[in-house]
Every structure is written in C-alpha cells, then in structure tokens.
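Engineer: Each chain is listed here by its residues.
Number of protein chains: 2
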Amino acid sequence: MQADIEESIKIYGKKIDELLKEIIPPDRDDYLSEPIWHHLRTGGKRIRPAICLITCKELGGNPDDALHFALAIEILHNMFLLHDDIEDEDTMRRDQPTVWVKYGVANAINAGDYLLARAYHCILISQIPSERKLQLLEIFNLTYEKTVEGQALDINARGATDYTVEKYLELVRLKTGYYLACGMVGGAVVALGNIEGTIDKIWALGKLMGPAFQIKDDLIDLTVGKGRGGVIGSDIKEGKASFLYAYTLELANNDDKASLIGIMTKQREETTDDEVQYVLNIYNKHGAIEHAQKYADDLIKQTYDIIDEIPTDNKAVFRDIANFMAQRMT
Amino acid sequence: MQADIEESIKIYGKKIDELLKEIIPPDRDDYLSEPIWHHLRTGGKRIRPAICLITCKELGGNPDDALHFALAIEILHNMFLLHDDIEDEDTMRRDQPTVWVKYGVANAINAGDYLLARAYHCILISQIPSERKLQLLEIFNLTYEKTVEGQALDINARGATDYTVEKYLELVRLKTGYYLACGMVGGAVVALGNIEGTIDKIWALGKLMGPAFQIKDDLIDLTVGKGRGGVIGSDIKEGKASFLYAYTLELANNDDKASLIGIMTKQREETTDDEVQYVLNIYNKHGAIEHAQKYADDLIKQTYDIIDEIPTDNKAVFRDIANFMAQRMT
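Top to bottom, those sequences are chains G and P.
Reading the first sequence from the start, the letters are residues 1 to 330 in the numbering used here.
Reading the second sequence from the start, the letters are residues 1001 to 1330 in the numbering used here.
In case anyone wonders, no lab produced these hints; they're calculated from the structure.
Predicted model only: the values in this text are computed from it and were never measured.
The C-beta atom is built at its ideal place from N, Cα and C for all residues, glycine as well.
Check each hint, because a few of them may be wrong.
As the list claims (entries may be wrong) - Example chain G residues on the side facing chain P (calculated, C-beta under 10 Å, incomplete):
1. L32
2. H83
3. V105
4. N110
5. A111
6. D113
7. L124
8. E131
9. K133
10. F140
11. L142
12. K146
As the list claims (entries may be wrong) - The calculated DSBU-like cross-link candidates involving lysine-lysine, where the alpha carbons are at most 30 Å apart (straight line), are:
13. G/K15 <-> G/K57
14. P/K1315 <-> G/K102
15. G/K102 <-> P/K1167
16. P/K1102 <-> G/K266
17. P/K1257 <-> G/K102
18. P/K1057 <-> P/K1021
19. P/K1240 <-> G/K102
20. G/K45 <-> G/K15
21. P/K1014 <-> P/K1045
22. P/K1045 <-> P/K1301
23. P/K1285 <-> P/K1226
24. P/K1301 <-> P/K1167
25. P/K1257 <-> P/K1226
26. G/K294 <-> G/K257
27. P/K1010 <-> P/K1301
28. P/K1057 <-> P/K1315
29. P/K1014 <-> P/K1102
30. P/K1102 <-> G/K257
31. G/K226 <-> G/K14
32. P/K1010 <-> G/K21
33. P/K1045 <-> P/K1102
34. G/K240 <-> G/K102
35. G/K301 <-> G/K10
36. G/K102 <-> G/K45
37. P/K1226 <-> G/K167
38. P/K1102 <-> G/K102
39. P/K1102 <-> G/K167
40. G/K240 <-> P/K1021
Extracted from the complex, chain G is given alone in its bound form (with noise of 0.2 Å):
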C-alpha cells in the first residue's frame, strides 16, 4: 500500500500544480507574483493537499469535488513558510534566498497575505453545495487559526526559562497537529458530510501524530542529523525549543539549566560545537534521548488505536496515510 500513496501523491500533485497556476498566475507584473513563484519554484512535493484527495476518494467521495480545498491547503502552507522565514530570521531555503531576503520584509509579509486570499479564493470558488462549502472553510480557518497560536508559543519558548514537556505539546498539538488532520478532515467532509464522531476523531489523530512526528524530526537531529553532510544538532543552534530541550529543562539543576538557556538564546553563528556538544551532554545526562523515543513511539501506539475507533468502514486510508507519514520520518 505504501507505494499506492507515493504513486498517488505523483498523479495528484500534477492537478495540483495546474490548478495552482490558475489561481495565482505566474508571470503578472503585480509585484506579486514575482515574489511568491521564486517562492513556489524552489519546490514542495504537495505531500499535504494530496492526503486530502486520497482520504477523500478512500472514503467513496470524487476528489475533484475536493481539489480546491486541497489546494487552498498547499497554499496556507505557503503563506506560512513565507512568514515564518521571516519570523526566524531564515535567510536560505532549499538553496535559494528566502522571499524577504531577495524581496524585502515589506514584501515578503504582503505576499504571504496575498497567498491567505487566494487560499480562501479558492475554497470559496470551488464548485460543491454551499453547506459543504461553509464546513470547509470552517475547518481550514480553524487549521489557520490554531497554526498561528502554535506559532505564537514557538516564536516566545526560546528564551522561556519555565518551558515545559506540556509547553511543547501544545505548542506542537498547535502549531502541527490541526495542519496534519486538516486535509483528511476535508477530504472526509467532502465524502462524507459532517459526521461528528468520524471528524472529531480524524481531529484527535492529527494531535498525537502532529507530536509524535514532531518528537521524531526532533530526534533526527540528534541522531542522523538534518540538512547536508549529517550535521548533528542543527536545532540547538537554531534555539529549537525542542522535546528533548523541554524534558531536559524540567530535570536540570539550576547550572545545567542557565547553560542551555544561554546556549538556546544565542545567534546560530555565534553557537560554538562545543556549545552544541555540552547540550548533548545534558540531554544524556537525563536520558532525553531514550525518554523521547519511548514517548514519540507511545504517541504513534495511539495514533493506530484511535484510528481503529473511527466510525467509518474504509479506514485503512488512515493508517496507510499514518504508515507513510512515519516512514518519510525515519
């Protein structure tokens, strides 16, 4: 079933790119599309809007009848990307400069805005009964909202000196958890209407598997590393308030504690190796690492088990999309 998802994401990631250059067209001298296509062209595999049309159609609906909202989908993601990098001051992204480095913050801000409008366009264009259609937009205002809390809590952990592992979480459930249920959630509704006991759980599994995902990426940085080369700890540089910064905060004395905090607040190119090695030392020193991998792996045991609860027949869309998600993981 595995390679069904991959080849689905394949055939419906080119109906997504097409419907993409319908609604934001990339060649206007609007000062607009220049921006946010440098943006788009340094790529984005459409992983997210495609979940939405496979649930949708695993679930005996027409996804077409779903695209926009897939759509809509990919673009908040862009939106966000482009408010992000400039919210963490991320100057390269895949190998490009980032929209407010080329562009300007000025533009950069107003481009994301610009792709939040046609986002909801989007929704509001697509050709489905207008009930369906208010329950879409509800869900994707709900995701757009609560991402922008998460982000809130993730913009203002990094200096916190009582940042928690429930902190984490919710910032985590937050700021990842709606945004991983959302597609499914729609591509449901649409199949489905808006059954409250299949919504609300499809709801539940984005929360424990937006955190078990997010604990693993945040052990890969420790084990196999992130970016090129493998380099180990990347996200201590960044000042990631990551899982494993959390626990660690939690058990430190009061020494340990100062060290990672100063070590997380500083500038990326000002955090020395050694910097990143002594945090190391710390998480070892409470066991982080396994805690983080047991906790992540008791995350993803429920995730299958709340799967098992959804009232509906043809879930295993659900655990293939659970299985190939925690694949793309490790």
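Could you slot chain P onto chain G? The hints should help.
Structural biologist: Chain P only, in chain G's frame:
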C-alpha cells in the same frame, strides 16, 4: 442628517466594541492578546463597521444580522495596521510604540495573522442563512485581496522612475476603494440580498470615493498639514507616493525628476525642511496642487452621480455617508 451619522457611529460603536471583546478576549495568556490589545487600546472610532450597520438599517435590514460582518471589517482594518506598520517601518501610532517595536517583528506579523483568522471566524459564526454568509465571505475576501494588491503597488511605488497618475489611481482604487465600499456592500447584501445592479454600483462608488478622499488627504498634507502642530509636507518626508508626486513626476524635466525621486527615497529623518520646500516648489511650478484639487472635486461629483444611479428607493444613506466622509476630509 450629518448629526445622525455621528450619533449612529456612537451607538453602533458600543455594540461593535462589545462583540470585539468576545471575539478577541483581552486578557488571554497566549502571546497574542497582549500585542493585539496594546494596538486596539490605542483607539479607533469604529467608523468602518458603523457605516456597514447604518447602510443595512437604512435599506430596511436588521443591523444585528450585519454585526459580525461589520466587526470583521474592523478587525481586518487593524490587521492591516499591524502589518503596514512593519512594512512602512512606522515606530509610533497614536503616541504609542507600534506593535513590532514593542513586541518584535515576529510577534507583530503573527498577531496580524491571528486577527485575520478571527475576522473570518467572526463571519463564519454569524447567524444568517448559508447563501448570504457565503456572499459576505466573498465580499470580505475580495476586499482583503484587493487591498493587499494595492499595498503591493504602494510598497514598490517609492523608488519607481515610471510612476504615473494612472498608477497612483490604480493603487488607490485597490488599496482604499474596495475597503471603503466593503461595509456598504455587506450592509446592502444583508438588507436586500445580492442584487446585481445595486451591488455593482456600490463597488463602483468605492472606486470613486477612495481616490477622491485619498487625493484630498494628499492635499491636506500640503495645505493645513497632518499630525500635531500642522507641519506641512510630512508625506514628502515619508516618501509617500501621493497624487501630487505622481502628477509632477509625469511633467517634470529630467533634473527635477531625479531630485524628486532622490528626496522621495531618502529616509524620513534624513529629509531636510529645505528639501520639503524644494519639492513643494516643483509641485507649484507644475500647478500640481490646483490640478489635484480639481481632480478630486471631479471625482466627488462623479460619486454623487453614481449614487443617483443606484436602483434602490432609499439611497439617501449613500449620500449621507459620502457627505460625512467628505466632511472628515476637510
């Protein structure tokens, strides 16, 4: 009738403020309430939402049905102020530091994004029939999108050597025209439904009123002055691409043109009073102020002409609103 509009703004303003506190609770510990309410507490007369409710009532509708939409316009307005302050690098607003100055750029962008989510939410929860709700969402989204398009032109107008009156008008129609009409259009839709002839005319009204009032506003800067102490020419210091600038740039010889652009693109604090006077002299040489006055008066005449064409019985409300807005401009 003028007094009635003032009175209605006061009464409706209270209703708007009550709902605002429900939609965006002031004291939540989420890193969003604080920056947003720092901004909201700096004031605002709720004129935009009140105009929506006045239009709805005068056309025979129930203003309560338009209340959520009206508040969404007010929230949108404040979202734009938050993002615009970053984009324009404005450090003060109504005697208070702007949000990005007080809470950082990251929190200010994100707080703006949150306001937008709440604006859509506000319309989505309003208790009106689905079809009508979708119409309001379309009106709102169109306004948001077109205002962002106008902002894109504005951001990039300053240093442009080929800036023209036509480009100025396009910018202002987009950035202020939809925005001005939006409340009236929404109020009319709630009262009358989406009657094509009427709605089209109200949008067209906005596209005349927007430029008319903006040109008047540009003129005020050069005649009585803006802000405290009536200092003349603060738009010139800010490098604002005004009607007078656009008009003069089209007529000026190459030397004057180079001087104009040079002064325009200078940082505000680096622009001297002599340079402001120099620009004023170039404007005067080309009769820009008289031309702008005439141009704005002509647009206002067209505004009243188009109001006559609106095919509804009680169209006096539009004239009252236009009068009220015109009065605020002198």
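Engineer: Mind checking the alpha carbons of P/K1010 and G/K21 for me, to see if they're no more than 30 Å apart?
Structural biologist: violated (46 Å)
Engineer: Should the hint that G/V105 touches chain P count as held when the rule is a Cβ pair under 10 Å?
Structural biologist: holds (7 Å)
Engineer: Would you mind confirming whether the straight-line C-alpha gap from P/K1014 to P/K1102 stays at or under 30 Å?
Structural biologist: holds (28 Å)
Engineer: Tell me if the straight-line CA distance from P/K1226 to G/K167 falls inside 30 Å.
Structural biologist: Violated: P/K1226 and G/K167 sit about 47 Å apart, past 30 Å.
Engineer: Compare the distance between the alpha carbons of G/K102 and P/K1167 with 30 Å, and conclude whether the hinted pair is satisfied.
Structural biologist: holds (24 Å)
Engineer: Does G/F140 pass the interface check with chain P, least Cβ-Cβ distance below 10 Å?
Structural biologist: holds (9 Å)
Engineer: For the hint on G/D113, just tell me whether its beta-carbon gets within less than 10 Å of chain P.
Structural biologist: Check passed: Cβ of G/D113 comes within 5 Å of chain P, closer than 10 Å.
Engineer: Going straight from one Cα to the other, do P/K1301 and P/K1167 come out at no more than 30 Å?
Structural biologist: holds (22 Å)
Engineer: Does G/L124 meet its interface restraint, that is, does its C-beta lie within less than 10 Å of any C-beta in chain P?
Structural biologist: holds (6 Å)
Engineer: Check whether the Cα positions of G/K240 and G/K102 lie no farther apart than 30 Å.
Structural biologist: Roughly 25 Å separates the two Cα atoms, so the pair holds.
Engineer: Hinted pair, alpha-carbon criterion (30 Å max): P/K1285, P/K1226. Please report holds or violated.
Structural biologist: Holds. P/K1285 to P/K1226 sits at ~23 Å (cutoff 30 Å).
Engineer: So, G/E131 near chain P? Judge it on the closest CB pair being under 10 Å.
Structural biologist: With a closest approach of 6 Å, the G/E131 hint holds.
The structure does not agree with the numbered hints 14, 32, 37, 40 stated previously, though it agrees with the rest.
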